[in-house]
Each structure stands twice: as C-alpha cells, then as structure tokens.
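> Chain residues, written in single-letter form:
Protein chains: 2
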Amino acid sequence: MPALASGMGITPQQFEQLQSRVSGTRRVSTKALETTLVSKASVHQTILGIDPSLRGTGYGIIRLARPHPEVLAQGTIKSPAAWERSRCLLNIAQSLREVLKHHQPTVCVVEGLFFAQNLQTALIMGEARGASLVAAAEAGMEIFEIAPRKVKQAVVGYGAAQKSAVAKMVQRMLRLAEQPAPDAADALALALTFAQETGRFSLTPLKRI
Amino acid sequence: MPALASGMGITPQQFEQLQSRVSGTRRVSTKALETTLVSKASVHQTILGIDPSLRGTGYGIIRLARPHPEVLAQGTIKSPAAWERSRCLLNIAQSLREVLKHHQPTVCVVEGLFFAQNLQTALIMGEARGASLVAAAEAGMEIFEIAPRKVKQAVVGYGAAQKSAVAKMVQRMLRLAEQPAPDAADALALALTFAQETGRFSLTPLKRI
Numbered sequence: 006m007p008a009l010a011s012g013m014g015i016t017p018q019q020f021e022q023l024q025s026r027v028s029g030t031r032r033v034s035t036k037a038l039e040t041t042l043v044s045k046a047s048v049h050q051t052i053l054g055i056d057p058s059l060r061g062t063g064y065g066i067i068r069l070a071r072p073h074p075e076v077l078a079q080g081t082i083k084s085p086a087a088w089e090r091s092r093c094l095l096n097i098a099q100s101l102r103e104v105l106k107h108h109q110p111t112v113c114v115v116e117g118l119f120f121a122q123n124l125q126t127a128l129i130m131g132e133a134r135g136a137s138l139v140a141a142a143e144a145g146m147e148i149f150e151i152a153p154r155k156v157k158q159a160v161v162g163y164g165a166a167q168k169s170a171v172a173k174m175v176q177r178m179l180r181l182a183e184q185p186a187p188d189a190a191d192a193l194a195l196a197l198t199f200a201q202e203t204g205r206f207s208l209t210p211l212k213r214i
Numbered sequence: 006m007p008a009l010a011s012g013m014g015i016t017p018q019q020f021e022q023l024q025s026r027v028s029g030t031r032r033v034s035t036k037a038l039e040t041t042l043v044s045k046a047s048v049h050q051t052i053l054g055i056d057p058s059l060r061g062t063g064y065g066i067i068r069l070a071r072p073h074p075e076v077l078a079q080g081t082i083k084s085p086a087a088w089e090r091s092r093c094l095l096n097i098a099q100s101l102r103e104v105l106k107h108h109q110p111t112v113c114v115v116e117g118l119f120f121a122q123n124l125q126t127a128l129i130m131g132e133a134r135g136a137s138l139v140a141a142a143e144a145g146m147e148i149f150e151i152a153p154r155k156v157k158q159a160v161v162g163y164g165a166a167q168k169s170a171v172a173k174m175v176q177r178m179l180r181l182a183e184q185p186a187p188d189a190a191d192a193l194a195l196a197l198t199f200a201q202e203t204g205r206f207s208l209t210p211l212k213r214i
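Quick note, the sequences are listed as chains A and S, same order. Reading the first sequence from the start, the letters are residues 6 to 214 in this note's numbering. Reading the second sequence from the start, the letters are residues 6 to 214 in this note's numbering.
A couple of the hints might just be wrong.
One-sided excerpt, in silico: chain S residues whose CB lies under 8 Å from chain A [to be verified]:
no.	residue
1	A142
2	A144
3	R177
4	R213
Hints were generated in silico from the structure; no laboratory data involved. Because the structure is a prediction, the values reported are computed rather than measured. Think of the CB as a built atom: it goes at the ideal place given N, C-alpha and C, for glycine as much as any other residue.
Bound conformation, chain A alone (with noise of 0.2 Å):
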C-alpha cells in the first residue's frame, strides 16, 4: 500500500483510480450525450435513422456500444433524374430491405413534421416517405418519428443549426474517418438522438407512426 495513499485517507483502491485518471493513458471523454445512448442499450441496440427523399433517400444504422455508438451502415439510395417516379419508390423499398435484412436494427426513426415548399412537392416526400415506412413496417420493426428541430437541438444543441453543421457533428460524435453525406448525416442524427431521447426522462415522449 503507497504511504501516500495512507497519507491522503483514501483507500489503495481509490488511490489507484485517482492514479489512472491524471496519468493520461487512454483516456476517454464521456460526453453527456454519450452517456445516455448506452444507458438504455438492452431496449434498442440496433437503430436504423431513415432521411426520405425520392431521389436520395439517406440511412444510418447505429449500434449502441462503448465508448460510442458504432455505424453498421449509412448512405444514400439514389436514383437517377431520368427514373420514372414509381421506379424510384421500389429502388427505396428494395434498397432499404437489403440493408435491413443484413443487419436487423430493431427500430426506425424518420423525421416527423416537417416543411414542404408547396402542396406538390409535400406529396413526393411523402410518397418516398411511403415507401420507407413499408419496408420498415414488414422487417417488424417500431417506427418512431422525430422533428428536424429536436434532431439538431439535440445533435449540435441548436434547433436552426446549418445541415454541415448537423454533419459534422455526426462524424465526431460517431469517429467517422470522413463527413457522412448530407442525407447520410441526417439518417444519423436522427438515430443519435433516438438513442439520447429514450435514454432519458422525456416531457415530450417520441411519437409512434
């Protein structure tokens, strides 16, 4: 037992963490969003965030682990402006089903409200929308939605930040070698904050869809 340890009136095990802790080695910052994303691990390990667009639809599957939250997949299923409309939604479906099957998150975030430039154009969202939603309702999974707002508040901590600001976020928080696309990075942010929401006392409680 150290004679400084005895000196201080702590115990050697308390000496010893004292030591581990101002000798530098390996040491991990524990953010406080990192801290509730495996809080509540044994209910949703696996989460799929989901970005719906008709031309590029961006996803992000994230498994919660220490010291941070692993990504099992993300990108962005495009489809060429030339498709036909339909073509596009089953290119969604398929594409999403593959990633699905290969590595089962057991639930999906999309964004929930959201702002639409005309009546037109929030009908083609919604139809990609659609077709997201079917291929995560028939892996049997609980579909959530979140507003764009929460996401960034809870991503950057501002609820009008910038879309490269929600992205670089996202590679930090996930030690992404490189910046996830910008549909990507969205997908991610969403299943980020799903996991931060669910791991903590709630006075808006996630809406099921």
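Mind docking chain S on chain A? Use the hints.
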C-alpha cells in the same frame, strides 16, 4: 331477293342488316366509350385503378371484354383509426400485393394532381400513394396517372361532377348489381378512363410515373 329491297334501291345484304337492326333481337347498345374500351384490348387487357388513402384505399380491376368491361375485383383497403400510420401503409401494400397476385393486371392507374387541404394532409396522402406504388411497381406493371378532372370528364361527361355521380356511372358502365363504395368507384373510374384514353387519339398523352 325480297321485292322490298329492290324497291328501296339497296342490296339484299343491306336489306338484311336493316331488317336485323329493326327486329329487336339481341340488340346491343354500342356507346362511344365501350367502343374505345375494346379497341386497344391487345395492349392492356387487365387494368388496375387505385385511389390511395391512408385508412381507405380504393382499388378496382377491370378486364376489357364485349359487350362491356368486366370487374375482376374491387374494394376498399380499410385500416382502423387506432392503427399506427406505418401499420396502415403496410396493410395497403400487402393487401394490394394479394389482389395483384390473384388477378395479374398489366397496367396501373392512379390519380394525378389532386388537391389537399394542407401540407400535412398532402404528406399523409403521399405516404399512402407511396405504399400503393411500391406494390404496383414490384409487380412489374406500367404505372400512369390521370388527373381527377379528366376522370370525371370521361366517366360522367362533366369535369366537376360529384363523387356520387361517378359511382352511379361506374355502376352502369360495368353493369354492377350494386353501386360500388366511393373509394372503389373512384378506382374503377380511373381504370375505365385509362381504357378510354388509350383507345383514342389524345392531345394530352397519359403521364407515366
């Protein structure tokens, strides 16, 4: 050769035709729409119309035949108000899949430009369309859209016709024992309009989606 025929200055064949036309046996009315319905029968014999909506998606499948098109299937895919949205969407896709597998239509028609009260309504209608279109595209069908106004014009002869007038005309044109439910009637009207539109020269070609 009947004396009457020579007295009228017509050939015996023409006389027989005239005689059969006034004799009243098996007289089949040939309305303008019916004529066009069968004229392109070789292209698409079995036509699916869909009127997508979250809790009550109407569908109707007609087969072109003489003396009038036959209804192979028609109905409304209902989802209880208590169901979550994603469950309704899955119900739409799965129910349509069953119907398509059974009747194998080769072409699908949905409503084109439509009017929603607000963005939220448009989004939800879009989701129902997306779920329907995924099911139709999976089955490898060509998919077209027709504006509601054009459907009313074709079926009732008046672009701003009431829903009940559409249902009545659909019942008459398809010789149905009962008037179809409103959503199913709209779907059948779409299929009938497609048959009419493809059977004639049109200044505004149908839009593939």
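> Determine for every hint whether it applies to the structure shown.
Status of the hints after comparison with the structure:
A cut of 8 Å between beta carbons decides the hint on S/A142: the least distance to chain A is about 4 Å, and the hint holds. At its closest, the beta carbon of S/A144 sits 10 Å from a beta carbon of chain A; the interface hint therefore is violated under the 8 Å criterion. Violation of the interface hint for S/R177 is found here, the shortest Cβ-Cβ separation to chain A being roughly 31 Å, above the 8 Å cut-off. For S/R213, the interface hint holds, the least distance from its beta-carbon to any beta-carbon of chain A being 6 Å, beneath 8 Å.
Violation of the numbered hints given earlier is confined to hints 2 and 3; the remaining hints are satisfied by the structure.
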